[in-house]
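Peer 1: Okay, here's what each chain looks like letter by letter:
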Amino acid sequence: MLGLNKSAGKPREETDAKRVQFNSRLLPYLFLAPQMAIIFIFFYWPSVQAIHSSFYLEDPFGFGSTFVGMANYTDVLKSGEYLGIARFTAVFTALVTFFSLAIGLLLAVKADGVIRGNATYKTLLIWVYAIAPPVAGLMGMMMFDQHIGPLVKVAAFFGWDMKVGLNYNDTAFAMIVVSVWKQIPYNFIFFLSGLQGIPVSVREAALMDCRSGFRRFWTVILPLLAPTAFFLLIINTTYALFDTFGVIDVMVKDKAANNPITLVYKVYMDGFRGNDLGGSSAQSVILMIIVFVLTIFQFRFIERRVHYN
Amino acid sequence: MIRKFTMTGLALVFSATSSFAATNISWWHGMAGRNGEVINEIATKFNASQTACALTPVSKGTYEEALASGIAAFRSGEQPNILQVFDAGAATIINAKGAVIPAEDLINNAGYTFDRDAFIDGVRYFYADSEGKFVGMPFNSSAPIMYINDEALKKAGVEAPKTWEEFEAAAPKLKAAGFIPLVQSQLTWQFTENFFSRNNIQFATNNNGYDSVTDTTLKVTDPNLIMMFDKLKAWADEGYFAYYGAGWNDNQKMFEENKAALWIGSSGSFGGLTKTAQMPFSATFLPYWGSIKGAGTSSFIGGAALFAMAGKPEAENKCVADFFQFLTSPEIQKFYHQATGYVAITKAAYELAKAEGYYKEKPAAEVGIQQLMLPAGEWSKGYRLGFYPQIREIMEREYGRIFAGEVSVKDAFDTIEKEGNELLARFAKTAG
Chain A
1 MLGLNKSAGK PREETDAKRV QFNSRLLPYL FLAPQMAIIF IFFYWPSVQA
51 IHSSFYLEDP FGFGSTFVGM ANYTDVLKSG EYLGIARFTA VFTALVTFFS
101 LAIGLLLAVK ADGVIRGNAT YKTLLIWVYA IAPPVAGLMG MMMFDQHIGP
151 LVKVAAFFGW DMKVGLNYND TAFAMIVVSV WKQIPYNFIF FLSGLQGIPV
201 SVREAALMDC RSGFRRFWTV ILPLLAPTAF FLLIINTTYA LFDTFGVIDV
251 MVKDKAANNP ITLVYKVYMD GFRGNDLGGS SAQSVILMII VFVLTIFQFR
301 FIERRVHYN
Chain B
1001 MIRKFTMTGL ALVFSATSSF AATNISWWHG MAGRNGEVIN EIATKFNASQ
1051 TACALTPVSK GTYEEALASG IAAFRSGEQP NILQVFDAGA ATIINAKGAV
1101 IPAEDLINNA GYTFDRDAFI DGVRYFYADS EGKFVGMPFN SSAPIMYIND
1151 EALKKAGVEA PKTWEEFEAA APKLKAAGFI PLVQSQLTWQ FTENFFSRNN
1201 IQFATNNNGY DSVTDTTLKV TDPNLIMMFD KLKAWADEGY FAYYGAGWND
1251 NQKMFEENKA ALWIGSSGSF GGLTKTAQMP FSATFLPYWG SIKGAGTSSF
1301 IGGAALFAMA GKPEAENKCV ADFFQFLTSP EIQKFYHQAT GYVAITKAAY
1351 ELAKAEGYYK EKPAAEVGIQ QLMLPAGEWS KGYRLGFYPQ IREIMEREYG
1401 RIFAGEVSVK DAFDTIEKEG NELLARFAKT AG
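Quick note, the sequences are listed as chains A and B, same order. Here my numbering is used: position 54 in the first sequence is 54, and no number is missing along the way. Here my numbering is used: position 151 in the second sequence is 1151, and no number is missing along the way.
If you are wondering where the hints come from, they were derived from the structure by calculation, not from laboratory data. Just so it is clear, CB atoms sit at the ideal spot from N, CA and C, and this is done for glycine as well. Any given hint might turn out to be false.
[Claimed, not checked] Lysine-lysine pairs mimicking BS3-like chemistry, simulated, CA-CA at most 30 angstroms apart:
id, chain 1, residue 1, chain 2, residue 2
1, B, LYS1233, A, LYS253
2, B, LYS1410, B, LYS1133
3, A, LYS153, B, LYS1233
4, A, LYS78, B, LYS1410
5, B, LYS1045, B, LYS1429
6, A, LYS253, A, LYS163
7, B, LYS1219, A, LYS253
[As the list claims (entries may be wrong)] Label-pair ranges, simulated between beta-carbon atoms:
id, chain 1, residue 1, chain 2, residue 2, range
8, B, ASP1411, A, LEU151, 26 to 36 angstroms
9, B, LYS1045, A, TYR129, 39 to 49 angstroms
10, B, PRO1223, A, HIS52, 43 to 53 angstroms
11, A, PRO199, B, GLY1061, 19 to 29 angstroms
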């Protein structure tokens, strides 16, 4: 009807009876076109623009533009501030990814075992995901507020004089807590559906072979969850690198000062706040390369150990 | 029912034709909340005052977002007629030769006579070129002033300090009376940029950057500035000064809650403070150092200015000129001053508000204007520095580290000067 029909007439195609064929050669491209257009307009084109302007020093209004070669890159990579931000970003990403995966998994395993009222538990654990990052940041900011924050009062009870916004490490701690909290439900949903996808027969067989629940988890359940975990690892890394922007922006209240920020926030500060288009473009190209390398690394070295079944 | 629809339809047609007849001009700004509403009220007043032009204000979010949108729009030929640009972004737009029509030229070309002397001294230079020609039209202007917790001072038995020496003498008594003697809300604006203007000290080479972008360097390792921050750090250690980070409100809060005796805020803060402060307060000038020769000069304006964007038809430019004339008329200036708390920028508006007895009722509203009308010094007119938003960020970072005890004051300013000069050199290349 839509120009599709089951293949008929050509003997080669009869071998695969279920295969659907297009009548016209152009039609598949036509169907792909909207998606390609979106990728082109919102990804390739800006990327090419960014690469182009990373080699120029430009007046923001577009009057003067000087070709400076690699100078934007060398300036950035020589800057102690930038390297400090890169170090923080690495630590931040590692910690946020690890804790949101670990806690998400723990909660999923426990919720999977609950029989009575499990829908309530699951809903309670999932609904945090509906909160937008800036709102999560806002809530975090209030929880950690220097003057009225309840978590600051709790910390004070243990003798920790927490000063979020003033002390680098305290702010880093608060940012990590809020970012992890925001991401746990997402991981929880995926781990839970992954767990429910493990056949009961496998679980029962494992139960007969081994009495230790902990060992059963490590040797049977976790390997079967590996595809889910690998997918989540990539998603969480990108989350920590990019999507935490809203949390950070709200928590530093628009003024980073001596507080920690991530690389993507630095791109925003230099490009949109400081109007340094060349420098900011160079930074976003560097970020693009980091993500590219990280993804290749994850696919080559970690995915090898993942078994899809 | 049908008749009612027809009537509405007719009304729509007529109102549409009347606005088609008028020249439409747009105004992008970065104000929200009450200040954004006041902008709409001004536009309504302007549209009601004449029929030739129809002004539409559009909020673009924050100051930074307004500037970024304006730049993006300019690059694609979709710029608004009027763009509001904040103090730290002034160098970006003024150095982009050809992006704006200087306000003074615009107004003179439209057949009006632009009178620089009509403006109060403190607002005349910041958005002007090195010859004093107005490039931007000052709009919302404020000055850093000191708010006083009257009860705290009475309890401690001290007078409001005029100089930092007097503050140093009063601080132990204020502390003994159970108050944090001093808090502030923006170290960059209040204790750096305006430190230079209030104490009449050079901030940067090339006439504070006004003369040229080439080879402009910061002079933030000035011994007086280092002394100011050494003192602040020492006061913080003694409990005479408290720093709650770079966020404005975290610091203001201590004053509002009657915990601090003195707060350096903005002349525009008094309106909000009247609602939030838990105790009676008054205001006075930002202190200066009596020990610095020639100190006590005026401060310069903060806030933002309106820029007439280039590349628009003559008829629209005429409308922008009409609007600027309307905006600087004493009645509108007085209205804006009283509705928002920003200072009146013309002498006539100030006189009008004074004659009305407004300052008898609200003495704190007058302090900012008076401070801007103090005698000017060679270095009190402000600065014109490129990539200044980033330079401010470097300052904020280093100031935070000073009060966290991670770095000495001297080292912090060495870093600011070094990184700031690198940014200025980069900016000179973009403008070249």
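Peer 1: Please check whether B:ASP1411 and A:LEU151 have a Cβ separation lying inside 26 to 36 angstroms.
Peer 2: Once the Cβ atoms are compared, 33 angstroms apart, the range 26 to 36 angstroms for A:LEU151 and B:ASP1411 holds.
Peer 1: Hinted pair, alpha-carbon criterion (30 angstroms max): B:LYS1410, B:LYS1133. Please report holds or violated.
Peer 2: violated (37 angstroms)
Peer 1: Is B:LYS1219 close enough to A:LYS253, meaning Cα to Cα at most 30 angstroms?
Peer 2: holds (29 angstroms)
Peer 1: Falls inside 19 to 29 angstroms, the C-beta gap from A:PRO199 to B:GLY1061?
Peer 2: violated (53 angstroms)
Peer 1: Would the hint linking A:LYS153 and B:LYS1233 be met if the CA-CA limit is 30 angstroms?
Peer 2: Cα-Cα ~26 angstroms, so holds.
Peer 1: Could you check the hint for me, namely that B:LYS1045 and A:TYR129 are 39 to 49 angstroms apart, CB to CB?
Peer 2: holds (48 angstroms)
Peer 1: Within 30 angstroms, alpha carbon to alpha carbon, are A:LYS253 and A:LYS163?
Peer 2: holds (14 angstroms)
Peer 1: Is it true that the CA of A:LYS78 sits at most 30 angstroms from the CA of B:LYS1410?
Peer 2: Holds: A:LYS78 and B:LYS1410 sit about 23 angstroms apart, inside 30 angstroms.
Peer 1: Please verify whether B:LYS1233 and A:LYS253 have alpha carbons no more than 30 angstroms apart.
Peer 2: Holds. B:LYS1233 to A:LYS253 sits at ~24 angstroms (cutoff 30 angstroms).
Peer 1: For the pair supplied as a hint, B:LYS1045 and B:LYS1429, confirm whether the alpha-carbon distance does not exceed 30 angstroms.
Peer 2: Violated, at about 44 angstroms.
Peer 1: Is 43 to 53 angstroms a correct range for the gap between the Cβ atoms of B:PRO1223 and A:HIS52?
Peer 2: At 46 angstroms between Cβs, range holds.
In summary, the structure is inconsistent with hints 2, 5, 11 from the numbered list given earlier, while agreeing with the others.
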